[in-house]
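Going down the list, the protein sequences come from chains A and B.
All residue numbers for the first sequence refer to this note's numbering, where the first residue is 21 and numbers rise by one.
All residue numbers for the second sequence refer to this note's numbering, where the first residue is 21 and numbers rise by one.
A hint or two may mislead.
As the list makes no split between identical chains, a pair holds if one copy fits it or if it spans any two.
Stated by the list, open to error - Here are the simulated lysine to any residue pairs, SDA-like style, with alpha carbons at most 25 Å apart:
1. Lys97 with Lys185
2. Lys294 with Met338
3. Lys256 with Asp77
4. Lys294 with Leu212
5. Lys81 with Cys241
6. Lys298 with Pro222
7. Lys58 with Lys257
8. Lys294 with Asp334
9. Lys217 with Gln304
10. Lys257 with Trp204
11. Lys217 with Leu293
12. Lys257 with Leu63
13. Lys256 with Pro283
14. Lys217 with Pro290
15. Lys294 with Asn90
16. Lys59 with Ala38
17. Lys185 with Thr262
18. Lys81 with Gln238
19. Lys298 with Asp215
20. Lys97 with Asp191
21. Lys298 with Thr233
In short, the hints are calculated from the structure, not lab data.
2 protein chains.
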Amino acid sequence: MIYKKSYAAQLISLNPPAREFAEAFAPSNIALCKYWGKKNLDLNIPATPSLSISLADRGTKVQLSIAPRNSLSINSKNITEESPAFKRTFDFLELFMAKNIKLAVQSENSIPTAAGLASSASFFAALTIAIDKLCNWQASLQTLSCLARLGSGSACRSLHHGFVKWLDYDDPFKSYGIPMNVRWEELRIGLLIFDDKEKSMPSRQAMLHTQNTSPLYQAWCNNSRTDFEVVHAAIKKKNFQTLGETAEYNALSLHAVMLSARPSIIYSQPETLKAISKIHALRQNSILVYFTQDAGPNLKLIFLENDLECILEDFPRMEVINPFSRVDNVES
Amino acid sequence: MIYKKSYAAQLISLNPPAREFAEAFAPSNIALCKYWGKKNLDLNIPATPSLSISLADRGTKVQLSIAPRNSLSINSKNITEESPAFKRTFDFLELFMAKNIKLAVQSENSIPTAAGLASSASFFAALTIAIDKLCNWQASLQTLSCLARLGSGSACRSLHHGFVKWLDYDDPFKSYGIPMNVRWEELRIGLLIFDDKEKSMPSRQAMLHTQNTSPLYQAWCNNSRTDFEVVHAAIKKKNFQTLGETAEYNALSLHAVMLSARPSIIYSQPETLKAISKIHALRQNSILVYFTQDAGPNLKLIFLENDLECILEDFPRMEVINPFSRVDNVES
Chain A
21 MIYKKSYAAQ
31 LISLNPPARE
41 FAEAFAPSNI
51 ALCKYWGKKN
61 LDLNIPATPS
71 LSISLADRGT
81 KVQLSIAPRN
91 SLSINSKNIT
101 EESPAFKRTF
111 DFLELFMAKN
121 IKLAVQSENS
131 IPTAAGLASS
141 ASFFAALTIA
151 IDKLCNWQAS
161 LQTLSCLARL
171 GSGSACRSLH
181 HGFVKWLDYD
191 DPFKSYGIPM
201 NVRWEELRIG
211 LLIFDDKEKS
221 MPSRQAMLHT
231 QNTSPLYQAW
241 CNNSRTDFEV
251 VHAAIKKKNF
261 QTLGETAEYN
271 ALSLHAVMLS
281 ARPSIIYSQP
291 ETLKAISKIH
301 ALRQNSILVY
311 FTQDAGPNLK
321 LIFLENDLEC
331 ILEDFPRMEV
341 INPFSRVDNV
351 ES
Chain B
21 MIYKKSYAAQ
31 LISLNPPARE
41 FAEAFAPSNI
51 ALCKYWGKKN
61 LDLNIPATPS
71 LSISLADRGT
81 KVQLSIAPRN
91 SLSINSKNIT
101 EESPAFKRTF
111 DFLELFMAKN
121 IKLAVQSENS
131 IPTAAGLASS
141 ASFFAALTIA
151 IDKLCNWQAS
161 LQTLSCLARL
171 GSGSACRSLH
181 HGFVKWLDYD
191 DPFKSYGIPM
201 NVRWEELRIG
211 LLIFDDKEKS
221 MPSRQAMLHT
231 QNTSPLYQAW
241 CNNSRTDFEV
251 VHAAIKKKNF
261 QTLGETAEYN
271 ALSLHAVMLS
281 ARPSIIYSQP
291 ETLKAISKIH
301 ALRQNSILVY
311 FTQDAGPNLK
321 LIFLENDLEC
331 ILEDFPRMEV
341 INPFSRVDNV
351 ES
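With the rest of the complex left out, here is chain A (with noise of 0.2 Å):
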């Protein structure tokens, strides 16, 4: 907590609050090259650069109130104090705030909650935004990601819509979501939700034991940052193939890494599997669609808008995301 707080105090000045209320949103993020694992513990530096596509409308609002006392809910759930997200929520708001001044959180997820669905990062994301409101920092998009990576690690992606990208640079002032300057307007991404419970294994705990755990997280760590500059210039060059090759490779692999570490971490279930052979007969059939997986049985598919039709046949029940939908950025 000390190097949080005073890391946060090198990046804004610790005002009041300025205002009453203020109120943000962030778009969830998937990452198509996986962060997992981390350089320093402390500030969620990771071991490998990471890229992802934020998913437009589809995130977490926040709303920030004082208070006459702390509370938090979310999707209109009162969330107790006892809770580990009560405790990560104002842990991370007392890096800001004096312990006199307290405050009401209301969140709302337009994405499923702990489904490897990445909640937690849009959460901080415009928790964050929300808090630099509320404080009248007017602190720029890549300082709010700084202090968003701190409530999460891949919260610091979700600053930005479209692709950003997070380099592993040890020094945690340069630890930023970095938006791509391509739109891919053809692109599309498919949530395939086989289960919105609550995780078996939360992802910060699960990467902390693969890291630990795992004979094999070093190579995959030394792959994963082929992957990212694969992925990174397929993106450039609009290559869809070796886009879709590369993330879902990269998605398997971390899976791979899970599963080698002790006790083995298997997120995948029946309906995990059935799908990925639905994806493989239809590439099987010259349809170009890939898929991601996260730290949940749910997987996301990665497609271009033709091939859409196609798709939903196999599966009719897929919510479909357009991820340039919205060409504005996320603080407007």
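Put chain B on the given structure of chain A with help from the hints.
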């Protein structure tokens, strides 16, 4: 082929058959520490040490007769000359036989063929013993193990009952199955067969693909050497929990490294994941049951006789094998 042939000729004298007919049996074996990858592709010298348990009377019986033309039947089904199994069988037999000698090979499995249940191991082991009888080599089990290895690496472990280790010596004359002098009467193996169809990718091909494409393969090999030492010591001490945990972990890490091949190899099916969940739930209830999985979706459970009834409640269709029910040697 030339290396194999001259290697074989250094081990036995290539006499013509001394009899018209010979018959032999060899047990299937299940690796508790897996063989996956070769440091010599021609001679099947393994990259890592492995350790297996033979399945008593479950295995392959081979009948070999001098005949007017080469033929192969498996479970009374005639195999055509064009099939890979035919080619593989007669390529192997040609190492020992003059071209003018034709053979009829009849093989009967008491275990499903090509479903990750190591039937090629018991087949090549039984075939080698049958050739020894046909040609009256009177070779040692050590020599026969070296020869069987040329047909299928893991066949070298099917020359013995009980626990068998296969070390990763570079010297091909030291590369054979070594029986461990341990009887563990309480040990049971349970077969959970979800699918007895042909594998999606044969194991020899999957092994080569993993070795050639997985960025995690070398790290897997290093870890597997450690697992081997732990499994070996646990068997000597009859420490069941350590044996079970390490064998299960070794199998999961094998499936991890296959998942990290490019493209990924996935042998698990929805039924596999369901069974794994049930096994983990049994362990939560203090029933010490573990599993291992080979190049297929099926699981092999490892447990002690005491827990049999409990486990059968969850897996009523499981086939139970007592690996130490046969006390005799393979040849007798």
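Structure-based check of each hint:
1. With identical chains, the CA atoms of Lys97 and Lys185 are never at most 25 Å apart, being 33 Å at best within one copy and 58 Å at best between copies.
2. In the homo-oligomer, the alpha carbons of Lys294 and Met338 lie at most 25 Å apart both inside one protomer (14 Å) and across protomers (24 Å), since each shortest distance falls under that limit.
3. Within a single copy, Lys256 and Asp77 get their C-alpha atoms as close as 24 Å, which meets the 25 Å cut-off; across copies the closest is 60 Å, which misses it.
4. Taking the shortest alpha-carbon separations for Lys294 and Leu212, both the intra-copy value of 12 Å and the inter-copy value of 20 Å come in at or below 25 Å.
5. For the identical chains of this complex, Lys81 and Cys241 are neighbours neither inside a copy (33 Å) nor across copies (47 Å), given an alpha-carbon limit of 25 Å.
6. When the C-alpha separation of Lys298 and Pro222 is checked against a cutoff of 25 Å, the pair qualifies only between copies, where the shortest distance is 21 Å, while the shortest distance within a copy is 28 Å.
7. Neither within a single protomer nor between protomers do Lys58 and Lys257 lie at most 25 Å apart by alpha-carbon distance, with minima of 30 Å and 39 Å respectively.
8. In this homomeric assembly, Lys294 and Asp334 come within 25 Å of each other (Cα to Cα) both inside a single copy, at 11 Å, and across copies, at 23 Å.
9. Only between protomers do Lys217 and Gln304 lie at most 25 Å apart by alpha-carbon distance; the minimum there is 21 Å, versus 32 Å within a single protomer.
10. For a Cα distance limit of 25 Å, the shortest separation of Lys257 from Trp204 inside one copy, 10 Å, qualifies, whereas the shortest one across copies, 61 Å, does not.
11. In the homo-oligomer, the alpha carbons of Lys217 and Leu293 lie at most 25 Å apart both inside one protomer (18 Å) and across protomers (18 Å), since each shortest distance falls under that limit.
12. For the identical chains of this complex, Lys257 and Leu63 are neighbours neither inside a copy (33 Å) nor across copies (45 Å), given an alpha-carbon limit of 25 Å.
13. For the homomeric pair Lys256 and Pro283, the shortest alpha-carbon distance between copies (23 Å) is at most 25 Å, but the shortest distance inside one copy (39 Å) is not.
14. For a Cα distance limit of 25 Å, the shortest separation of Lys217 from Pro290 qualifies both inside one copy, at 15 Å, and across copies, at 19 Å.
15. Taking the shortest alpha-carbon separations for Lys294 and Asn90, neither the intra-copy value of 44 Å nor the inter-copy value of 42 Å comes in at or below 25 Å.
16. Taking the closest pair of Cα atoms, Lys59 and Ala38 never come within 25 Å of each other, the shortest separation being 36 Å inside a single copy and 68 Å across copies.
17. Taking the shortest Cα distances, Lys185 and Thr262 sit within 25 Å of each other inside one copy (17 Å), while across copies they are farther apart (43 Å).
18. When the C-alpha separation of Lys81 and Gln238 is checked against a cutoff of 25 Å, the pair qualifies neither within a copy, at 37 Å, nor between copies, at 46 Å.
19. With identical chains, the CA atoms of Lys298 and Asp215 are at most 25 Å apart both within one copy (18 Å) and between copies (18 Å).
20. In this homomeric assembly, Lys97 and Asp191 never come within 25 Å of each other (Cα to Cα): the closest approach is 38 Å inside a single copy and 67 Å across copies.
21. In the homo-oligomer, the alpha carbons of Lys298 and Thr233 lie at most 25 Å apart only across protomers (24 Å), although the nearest pairing inside one protomer, at 33 Å, exceeds that limit.
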